[in-house]
Amino acid sequence: MAAYVAHYLVMVGIYTILAVSLNLLVGYAGIFSLAHAAIYGIGAYASALVALKLGLGFWGGLVVAAVAGACAAALVGIPSLRVAGDYYIVASFGLQVVILTVFMNWTDLTNGHAGLVGIPRPRVFGLVIDNPFKYVVLSLALAALTYAVCRRLTGSAFGRTLRAVREDEIAAQATGKNVVLVKIVITTISSALGALGGSLYAHYITYINPSSFTLDESIFIASLVILGGTERLAGPVVGAFILLAVPEALKFLAIPDTVAAPTRQILYGSLLILFMFVRPEGILGRARVKSA
Amino acid sequence: MDLVLQLLATGLVVGSLYALCALGWGLIYGTTLHFHVAHGAVFAVAAYYAYVGQKLLHLPLLAAVAAAVLAAAATGLLIDLLVYQQLEKRGAFRTSIFISSLGLLIALENVLAIVFTPDPMRMDIGGLGTAVIIGPVFLTYLHILTVVLAVAGYGLLAAFLKWSRWGQAIRAVSSSPEMARTVGVNLGKVHLLTYAIGSAISAPAGILVAMDVGAEPFRGTRFVLLASVGVIMGGIGSIPGAMLGGLFLGLLENLGIWKLPSEWQSAISFGVFLVFILVRPRGFFGRTIHSAEI
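Protein chains in written order, with the working numbering: chain E, 21 to 312; chain R, 504 to 797.
Quick caveat, the hints were computed from the structure, so don't treat them as lab data.
Be aware that a few hints might be false.
Okay, the calculated bits of chain R under chain E, using three or more residues with CB under 8 Å as the criterion [stated by the list, open to error]: (1) 504–513; (2) 593–600; (3) 697–705; (4) 709–719; (5) 728–742; (6) 773–783.
What follows is a set of in silico ranges between Cβ atoms, one per label pair, in the way DEER data are often shown [to be verified]: (7) R:Phe641 <-> E:Leu74: 42 to 50 Å; (8) R:Ala634 <-> E:Arg102: 41 to 49 Å; (9) E:Trp79 <-> R:Val716: 43 to 51 Å; (10) R:Ser765 <-> E:Ala134: 29 to 37 Å; (11) R:Val654 <-> E:Leu95: 33 to 41 Å; (12) R:Thr633 <-> E:Glu251: 55 to 63 Å.
Quick caveat: nothing in here was measured; it's all calculated off a predicted structure.
Every residue gets a Cβ at the ideal spot worked out from N, C-alpha and C, and that includes glycine.
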């Protein structure tokens with residue numbers, strides 16, 4: 021039971037990193053991404069590969085993961101964010117599809133559907149993190165660090181510019197802000213941070229394959245953010261705590277596996293619709309006033 | 504060379520399916536500015552309507568398909584009436600409409616997966632499955648019908664928008680909702696009509712795929728997102744653009760196989776899309792959507 025709770029907390033840490041970083045885009049910049057699972061996967065594969073092929077340690081892997089995530093996002097963000105509106109939804113979906121294709125089909129590098137095995141446990145300050153209890157500390161510490169970075173960022177002048185861009189692009193532009201640059205920068209930062217979650221996941225599970233990084237996963241991460249609350253940094257954290265407990269709770273209902281997975285998806289889908297009616301700002305969010 | 508001809512023919516057939524999807528989605532997006540991903544669920548559910556009509560209600564194929572198209576139109580209309588318009592009444596942001604649409608897509612697809620299982624449900628299509636061999640090219644009558652229907656769908660939609668009174672109202676709302684309202688166009692009614700027509704145009708694509716390889720619950724997501732790629736490449740708000748964008752994607756995917764393994768199909772389409780919006784963000788012949796409008 022204790023190991024079970026530890027596993028749950030490790031996953032909460034990982035999903036906190038993913039959700040808080042995605043919230044920088046969805047909540048603070050008003051840019052919707054369908055590619056956060058791809059970014060998560062890039063982080064996981066990048067750090068697993070450098071660990072397996074180059075023998076790079078945990079910290080090195082984190083840096084490589086962040087850089088890889090940032091590069092992928094910039095590659096997609098630069099063409100699509102120059103144009104206003106929904107182009108990024110389509111472009112990010114494209115990134116999601118392309119990255120998953122790479123994971124599955126570039127077999128020389130990623131080993132295809134079988135995935136990568138034997139990813140080493142992290143060694144932190146000379147200590148090998150080899151059981152879930154130690155990993156809880158590492159996972160929550162990294163989540164707290166990510167949270168602190170996001171807090172610093174959203175509280176800064178850049179954070180205010182970001183909200184200005186979300187509220188009214190034209191007005192932000194009129195005050196001399198480079199709207200496109202702001203959007204590209206935040207997309208890159210969000211992805212660099214999100215990729216850290218992937219790195220943490222790869223070293224924790226020690227085995228990764230493409231099925232963890234699908235479009236469904238992207239939508240799940242977005243659900244954490246939306247249901248938890250977009251307007252506050254703590255919102256997605258609450259979302260991660262609650263929504264990660266849902267599959268566990270469903271296990272207690274005696275439903276066969278073939279029905280359980282779709283049932284969970286139906287629940288998430290219905291919750292998204294319901295929240296848009298009842299509480300579009302999410303559980304923790306604060307209501308946003310619509311400008312005329 | 505024979506291979507290229509076959510790939511061209513297959514590309515044209517697949518492109519026709521994408522074109523039908525893009526026409527419907529593009530009409531709705533251009534008119535309402537809703538990023539209606541739940542269109543993918545309408546696409547999927549249309550196939551199951553036809554399947555149920557034929558297999559459970561024992562209707563003749565043509566009647567089952569016609570009923571399915573009408574039912575899909577009603578489904579699209581109801582989504583707008585019961586979800587989007589209600590949200591708009593509450594002053595929802597555009598993002599909220601998109602999120603509710605995403606929720607609808609996930610929920611409806613998974614309901615289909617529970618009711619009908621995720622396995623493909625095959626229909627009886629009689630002689631339509633017969634092969635036609637034209638020189639080196641191998642197709643079925645169904646494939647040829649697909650291309651014919653896409654061209655017919657495009658022609659009908661273009662004629663309707665150009666000459667009918669309601670079509671003109673749709674174009675008016677598409678070019679400027681404020682102006683349209685000022686001259687007395689009822690925006691709510693035009694939106695409902697747009698959803699009905701957009702769904703009816705795309706439903707045949709879902710049904711045709713199901714007639715070819717069986718109805719599947721999760722196929723719509725890929726189609727609707729490719730439709731959005733087609734619409735952006737063709738130019739938002741442009742009906743010929745949506746048609747061309749869809750055909751282009753189908754041809755691109757299939758001609759890509761000539762040189763690359765087929766697993767890379769989707770990667771090719773999206774790669775070209777990214778380069779394309781870098782070079783020509785407004786598409787073949789469209790207007791850009793300015794942030795001020797959103």
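Consistency of the hints with the structure:
1. 504–513: Coverage by chain E is violated for the stretch 504–513 of chain R (0 residues, Cβ < 8 Å).
2. 593–600: holds (count 7)
3. 697–705: violated (count 0)
4. 709–719: violated (count 0)
5. 728–742: With 4 residues close enough to chain E, the hint holds.
6. 773–783: n = 7 at 8 Å, threshold three: holds.
7. R:Phe641 <-> E:Leu74: 42 to 50 Å: Check passed, 49 Å falls within 42 to 50 Å.
8. R:Ala634 <-> E:Arg102: 41 to 49 Å: holds, 47 Å
9. E:Trp79 <-> R:Val716: 43 to 51 Å: 49 Å Cβ-Cβ, so the 43 to 51 Å window holds.
10. R:Ser765 <-> E:Ala134: 29 to 37 Å: violated, 20 Å
11. R:Val654 <-> E:Leu95: 33 to 41 Å: Given about 37 Å between the Cβ atoms, the range holds.
12. R:Thr633 <-> E:Glu251: 55 to 63 Å: holds, 59 Å
Against the hints set out earlier in the document, violations occur for numbers 1, 3, 4 and 10.
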